[in-house]
Amino acid sequence: MNQDAVLRARMLLLSTDRRVLRGPRGLRAYRLLTQVSPEVYGSKLARVLVDATRFPEVSGLPQARLALLEEAIATARALDAGNPYRERVLALALAAREAELRAG
0 MNQDAVLRAR MLLLSTDRRV LRGPRGLRAY RLLTQVSPEV YGSKLARVLV
50 DATRFPEVSG LPQARLALLE EAIATARALD AGNPYRERVL ALALAAREAE
100 LRAG
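Taking numbering that gives the first Met the number 0, I'd label the letters of the sequence shown as residues 0 to 103.
Be aware that one or more of the hints could be misleading.
Said to hold, decoys possible - Pairwise CB distance ranges, derived in the manner of DEER restraints: (1) ASP16 / ARG101: 17 to 27 Å; (2) ARG17 / GLU86: 29 to 39 Å; (3) LEU100 / ASP3: 32 to 42 Å; (4) SER58 / ARG7: 27 to 37 Å; (5) ALA98 / LEU13: 25 to 35 Å; (6) THR15 / ARG53: 15 to 25 Å; (7) ALA94 / VAL57: 15 to 25 Å; (8) ARG7 / LEU100: 28 to 38 Å.
No lab work stands behind these hints, which were simulated from the structure alone. We treat Cβ as the ideally placed atom computed from N, Cα and C, and that holds for glycine.
Use the sequences and the hints to build the structure in full.
In structure tokens:
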């Protein structure tokens, strides 16, 4: 694990005034930090992955949107059952996947 990248990701999160950093920068930061501390950052990663399905880069790519949602579901399921955010982000990701499948 590149400790400089981890430090930069943490600094990025500390420099924002939001509870969850959204957008491509947040997605990159949470993907990296979830590898280091999955219980701390996993629920945020799952949420940002669901949000990422609305990024302009994937708006016309249904398979990419579905892949993001599958990653969100896997991330949420990997959280400890006692994690207070697990059920909420899992339900969000499952509902988003269901909507994506119905729309497709």
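Hint-by-hint comparison with the structure:
no.: 1; hint: ASP16 / ARG101: 17 to 27 Å; verdict: violated (36 Å)
no.: 2; hint: ARG17 / GLU86: 29 to 39 Å; verdict: violated (23 Å)
no.: 3; hint: LEU100 / ASP3: 32 to 42 Å; verdict: holds (40 Å)
no.: 4; hint: SER58 / ARG7: 27 to 37 Å; verdict: holds (28 Å)
no.: 5; hint: ALA98 / LEU13: 25 to 35 Å; verdict: holds (34 Å)
no.: 6; hint: THR15 / ARG53: 15 to 25 Å; verdict: holds (19 Å)
no.: 7; hint: ALA94 / VAL57: 15 to 25 Å; verdict: holds (18 Å)
no.: 8; hint: ARG7 / LEU100: 28 to 38 Å; verdict: holds (36 Å)
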